[in-house]
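Chemist: Below, each chain spelled out in residue letters.
Number of protein chains: 2
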Amino acid sequence: MRQTELFTKTKKEIPADEVSRNAQLLLRGGYIYKEMAGVYAWLPLGIRVINKIKKIVAEEMEAIGSQEIIMTALQNKEIWEKTGRWDDEKVDIWFKTMLKNGSEVGLGWSHEEPIIEMMKSYITSYQDLPKYVHQFQTKFRNEVRAKSGVMRGREFVMKDMYSFCVSEEAHMDFYNKSTQAYLQVYKRLGLGDITYVTSASGGAFTDNFSHEFQTLCEEGEDVIYVHKKDNYAVNEEIFNEKTLLKHSANKDDFEMKKSAEVGNIFTFGTEKCEQMGLSFTDAEGKKQPVFLGSYGVGVTRLVGVLAEIFSDNKGIIWPKSVAPFQIHLLVLGTNDETKKKAEALYQEMIAENIEVLFDDRDGIAPGEKFADADLLGMPVRVVISDRSLEKGGIEIKNRNEQESKVISVDELMKILKHA
Amino acid sequence: MRQTELFTKTKKEIPADEVSRNAQLLLRGGYIYKEMAGVYAWLPLGIRVINKIKKIVAEEMEAIGSQEIIMTALQNKEIWEKTGRWDDEKVDIWFKTMLKNGSEVGLGWSHEEPIIEMMKSYITSYQDLPKYVHQFQTKFRNEVRAKSGVMRGREFVMKDMYSFCVSEEAHMDFYNKSTQAYLQVYKRLGLGDITYVTSASGGAFTDNFSHEFQTLCEEGEDVIYVHKKDNYAVNEEIFNEKTLLKHSANKDDFEMKKSAEVGNIFTFGTEKCEQMGLSFTDAEGKKQPVFLGSYGVGVTRLVGVLAEIFSDNKGIIWPKSVAPFQIHLLVLGTNDETKKKAEALYQEMIAENIEVLFDDRDGIAPGEKFADADLLGMPVRVVISDRSLEKGGIEIKNRNEQESKVISVDELMKILKHA
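Protein sequence lines correspond, in order, to chains V and G.
Sequential numbering of the first sequence, starting at 141, is according to the numbering used here.
Sequential numbering of the second sequence, starting at 141, is according to the numbering used here.
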């Protein structure tokens, strides 16, 4: 894509009320636009990052047998009343509104209740189980504070998956598979080394069967205790004598770290399906309640976490797997021959299906182009200039390194084709 | 995909309050699930149809230079007050709700106001123009009645595009291009022959520069007058003496037809940008208001229109361009050899990237499998059975034809590979 065609521009100023680092970088780069606190529009570069994350998540969910659906934002009051979760005292982040006929409706903040209701149409026998479905959907949560940029939105995209099983045993099998699938997602996003599965205290029932995925992150809202030698961490809420005893560890073996929750998985058991009347007939013809699991990944939140972690004082440093473009091609200088060579190189990259953003802007100082490239954060910067051509080619530099080197165009294309 | 893996099932019964043909067919086929009137979840087969329509629309919009963004559902009251469109008297389909701090917010039913506000960050000079952006986004409209299935939703997916130009002349150039792009979309969807561009009376300003795309459809909510000989139609609202005079035609030259609005394009002029303060500096350094256009296609509505038009009393007959799968492969009979051959054929199709739904269900009567294939509506049905193998191969039938014929597996694969 040509930068002259991109309607966004990089910015020096950002909204005064924007205190989070991720939103500051994403706003300055033109990845997002702020509608109000916790509510962001996604611009062309931002959509490319979201789509790459979605693709990775979708592949891993489909690999464990899940099917994609899209449920609705508008929520039926009657359905949520069945489990008591319509009550604002129990769930304090509902947005509620009204149909013309006066019926109250809510905006979906999670989808256990409606998916159970829906599954009553499709699950009747043990032969219909197990079933796994997921969606990428916009959730609405009426947060009191939304100061963490895209890491905590009032409107955000989430991948939520739901599992329906005949028994706890069958459930645990899928629960373990989904844990591995989640870890695979974080690995592919470049977060593998700093993401921990932690046991979460999710209320009475889910005591033993809920986990969070916590990524080390200074701007995160959570705290975990990371074991100094062994590769595991403990959630703040259960960092107590009992847990230490279980791990045969001492308090001093752990280091307190700030973290961001990048995923969570819940065992709901049979309670919700019992409340809502979702059951199946087993092989003996007996009615049994369905065993429910729920699995969430905040897709837009992950963009924020990545921007927090992979950035320096100049801008973002996207991991290759989610970068909107792999190459940022800059043309510098006013020599016609240089411009012609840059254009030819751009065309060659397009022909080779290389994802390239081409800074073809005229009348922009080299320093400004470099600063924009650093801010936008594509993994590889390729500069073609009067000077680089004199030296025999183009200048290539990885965003996460200081040193650049000059190589020939042929050599560059050879590297890119095999990347 | 294997039908045994699909969590949905075809149904004989549908919700009692569902009177529209499109929703009845889509519900029975397991394409959609009804959450409440005008609010439908999309299931795996339905998502495939939506994604194909989105791809066609995206390709045509990108071909005329538009860039994809995603704006937000939550809408800022202050922004809509600038043009007076926050007022429920003026716009009577708002859903409104409230943030925790008591601020009122709305749910986006269209996005002219927020996109103009956003563009104030990116448009300052004539050199920044023209700009075209589009999004595929969930819109919310608080309709009093929602009885037309997915053809009129309270929550639905729309492609909306906005154009920002320096002048009326530049605008009309893009407006004409977008008209052609829209016609191209309907052509690719199989609706080309029955879709008319009609001049619409869109209020005082837009009298001459707004058009609707109307598809002949018995279940449509609109009426158009189609010229009996020439290939054009006139919108009911302007079917009057003045229009007839313009066309040198008589009333009797036209036939009244029911139709569904499948798209609309509006010229907004400079008024909205003036109200909201979006201007650019021209080449002489003078401030000028930006010229706005707005272009909508109801993506989920189109699924409904297609289901209305391309169906018979047995079910849907998808055009190839939007069918969830091109082939519905049915295995009949209990012979092990038949099952083995069916499995091999399915694997071969998958290896060739042929989109195939494989009815591999055991213990289902042939009549039921045929009925399901007719209901689901894939363009080509391929049956492999003890009998077909005796006759030397598989039985192939197009959904829109009565006659089937038996051909060899080799011949089938040859046809499919070149389709």
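Some hints could be false.
One copy or any two copies: either way a pair holds, since identical chains are not told apart in the list.
Derived DSBU-like pairs: lysine-lysine, alpha-carbon spacing no greater than 35 Å straight-line [stated by the list, open to error]:
1) 391 / 460
2) 271 / 368
3) 545 / 426
4) 480 / 230
5) 149 / 194
6) 287 / 412
7) 317 / 149
8) 260 / 509
9) 230 / 217
10) 460 / 230
11) 195 / 271
12) 412 / 369
13) 317 / 368
14) 260 / 454
15) 537 / 454
16) 426 / 369
17) 222 / 368
18) 391 / 236
19) 217 / 327
20) 222 / 151
21) 481 / 386
22) 260 / 194
23) 398 / 287
24) 260 / 369
25) 260 / 217
26) 260 / 545
27) 531 / 151
28) 217 / 151
Just so you know, these hints were derived from the structure itself, not from any lab.
Chemist: State the violated hints by number, sorted upward, taking the hints as numbered earlier in the document.
Modeler: Hints 1, 2, 3, 4, 10, 12, 16, 17, 18, 19, 21, 24 and 26 contradicted; others consistent.
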